[in-house]
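Chain by chain, the residues run as shown.
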Amino acid sequence: MERLITRGAEAEIYLSEWMNRKVIIKRRVRKRYRIKEIDEELRKPRTKKEATLIIEARRAGISVPIIYDVDLTEMKITMQYVDGEKLKDCLDGMDEKKQKDICKKIGKSIALLHKNGIAHGDITTSNLIVDGNKIYFIDFGLGEKSSEVEKQGVDLHLLRGAFKAAHKNEKLFQWVFDGYKKNFEGADEIRRKVDEISGRGRYTVRG
Amino acid sequence: MICLGIEGTAHTVGIGVVRDGPVNILSNVLNMYSPPSGGIHPRDAANHHSSVFVDVLEESLEKANIGFDDIDLIGFSVGPGLGPCLRTVATAARSLALYLKKPLLGVNHCIAHLEIGRAMTDADDPVLLYVSGGNTQVIAFLNGRYRVFGETLDIGIGNCLDKFGRKMEIKFPAGPKIEEMAENGKKYVPLPYSVKGMDVSFSGILTAATVLMKKERREDVCFSMQETCFSMLTEVVERAMAHTEKDEILLGGGVASNKRLQDMVKKMAEEREGRFYCPPQNLLVDNGAMIAWTALLMHKSGMKMNATDTSIRQNFRTDEVEVTWRD
Chain A
1 MERLITRGAE AEIYLSEWMN RKVIIKRRVR KRYRIKEIDE ELRKPRTKKE
51 ATLIIEARRA GISVPIIYDV DLTEMKITMQ YVDGEKLKDC LDGMDEKKQK
101 DICKKIGKSI ALLHKNGIAH GDITTSNLIV DGNKIYFIDF GLGEKSSEVE
151 KQGVDLHLLR GAFKAAHKNE KLFQWVFDGY KKNFEGADEI RRKVDEISGR
201 GRYTVRG
Chain B
1 MICLGIEGTA HTVGIGVVRD GPVNILSNVL NMYSPPSGGI HPRDAANHHS
51 SVFVDVLEES LEKANIGFDD IDLIGFSVGP GLGPCLRTVA TAARSLALYL
101 KKPLLGVNHC IAHLEIGRAM TDADDPVLLY VSGGNTQVIA FLNGRYRVFG
151 ETLDIGIGNC LDKFGRKMEI KFPAGPKIEE MAENGKKYVP LPYSVKGMDV
201 SFSGILTAAT VLMKKERRED VCFSMQETCF SMLTEVVERA MAHTEKDEIL
251 LGGGVASNKR LQDMVKKMAE EREGRFYCPP QNLLVDNGAM IAWTALLMHK
301 SGMKMNATDT SIRQNFRTDE VEVTWRD
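For the record, the sequence lines run as chains A and B. So for the first sequence, this note's numbering puts the first residue at 1; every next one is plus one. So for the second sequence, this note's numbering puts the first residue at 1; every next one is plus one.
Simulated from the structure, these hints should not be mistaken for lab results. You can take every hint at face value.
Under the rule of at most 20 Å between Cα atoms (straight-line distance), these lysine-lysine pairs were calculated in the PhoX-like manner:
1) Lys97(A) / Lys168(A)
2) Lys98(A) / Lys86(A)
3) Lys105(A) / Lys134(A)
4) Lys164(A) / Lys196(B)
5) Lys36(A) / Lys267(B)
6) Lys97(A) / Lys108(A)
7) Lys49(A) / Lys196(B)
8) Lys76(A) / Lys36(A)
9) Lys88(A) / Lys246(B)
10) Lys186(B) / Lys36(A)
11) Lys104(A) / Lys115(A)
12) Lys259(B) / Lys36(A)
13) Lys36(A) / Lys266(B)
14) Lys187(B) / Lys214(B)
15) Lys88(A) / Lys168(A)
16) Lys266(B) / Lys246(B)
17) Lys36(A) / Lys187(B)
18) Lys100(A) / Lys86(A)
19) Lys97(A) / Lys86(A)
20) Lys98(A) / Lys171(A)
21) Lys102(B) / Lys304(B)
22) Lys182(A) / Lys171(A)
23) Lys88(A) / Lys100(A)
24) Lys196(B) / Lys44(A)
25) Lys108(A) / Lys134(A)
26) Lys246(B) / Lys164(A)
27) Lys246(B) / Lys86(A)
28) Lys196(B) / Lys48(A)
29) Lys196(B) / Lys145(A)
30) Lys267(B) / Lys246(B)
31) Lys171(A) / Lys105(A)
32) Lys163(B) / Lys214(B)
33) Lys167(B) / Lys177(B)
34) Lys182(A) / Lys98(A)
35) Lys193(A) / Lys196(B)
36) Lys98(A) / Lys164(A)
Generate the whole structure from the sequences, applying the supplied hints.
Here's what the structure looks like:
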């Protein structure tokens, strides 16, 4: 029995059962709006890469769902169901102390990802699941095996953008960065990159 | 209440007359600058604006069948845009307001694209895909402001198409001609697909397409360019819809006139059981009516500006505007 729980931008997320476990099936469905050549060029590598990255992230000690199965004909990944709440939905309801704690942990986890050569590619508050004291990183679909400063900068830039767009507390990103810096030597260089990337957008405050 | 709206952020002078209540566009006249060759030089565009301004104004009043005395409010595009163009229309707007002794409001151009779309379609709380020459943004309303969820990290989609057009010696604006050529494209030639979360980037595609132009059929390159760029835009706008949990998608900006882009976004909306909205062509492009309508919304929510508050803002960001007219 499969039940559709979310329709993300590129995949449908189903809640299902697999070997008596509650699982999530992420199915990258064919997008009729784009031509086959582009569609296939995107779906297959993204599915494959996502599974690989999640497994590597887990090895590096970051909280991510366990991968049970990868099917590259149907472009689907079967993985552990994480019983938590999207950070997007619970962040504003937390007191400041809790927010600070969570943000620092996120920063530490991003540092771990980067230290292990993993760039997530889409770190937003929708892709972080809070389960008790653990923060799970999900959706590595835009991720890459890369230690490029640019890619690491994009990770932090996206999270800063997501905070700015949808959350009130303006200190959130600074806390994330504090946690990041503590655990990653090259943090200052990345920080400069983040500002550079933000400055590439149109109509940003420069200087 | 009748508002005169003046648009002039880039290549177009547009003057529209709009009555409030349910939106009632009495006139919407525009005159677009198209350079004899090359791209738009801001100074030449500004000269164009000042030379046609009076004609556009007279035609707009005539079509609306009103006189100066009937105007209750004046709105103008205060930014973002090209400095010389903004200064030209801002000066005209201020002079008119002072002469007629009517209130004046500076309107954010990007938000005007969104508001006219909401007024002219059934869209209530949409995600806007705003695609024009200079601008490429994914905008949605959240916590009292229009926030930019995604945008181009380098050039606007229209600018990308125009620049590519220029290499093929197509006159500005190149979009319509590229669309026509793309219809005769048969083969997809791979181009870099550049999506970073909800942001996009087009400069790499432009470079790659310029190289490919020399070895592939031009129609095929146009086709591939449209397919790649528009797939990217559709993907990020879908991601913004998923992220904000909104199910309406609205198009705005000149590039949204492209039928293939409309078709792709519409299909995407259908697939996720969302609703697709697109205002008529003359309100997709830069126009005065959208400025007039947004000024009316601002005015009715109690917003007031002194002439000194109406300095132009070349880098006016969408999320800087406090949206007092929405809950």
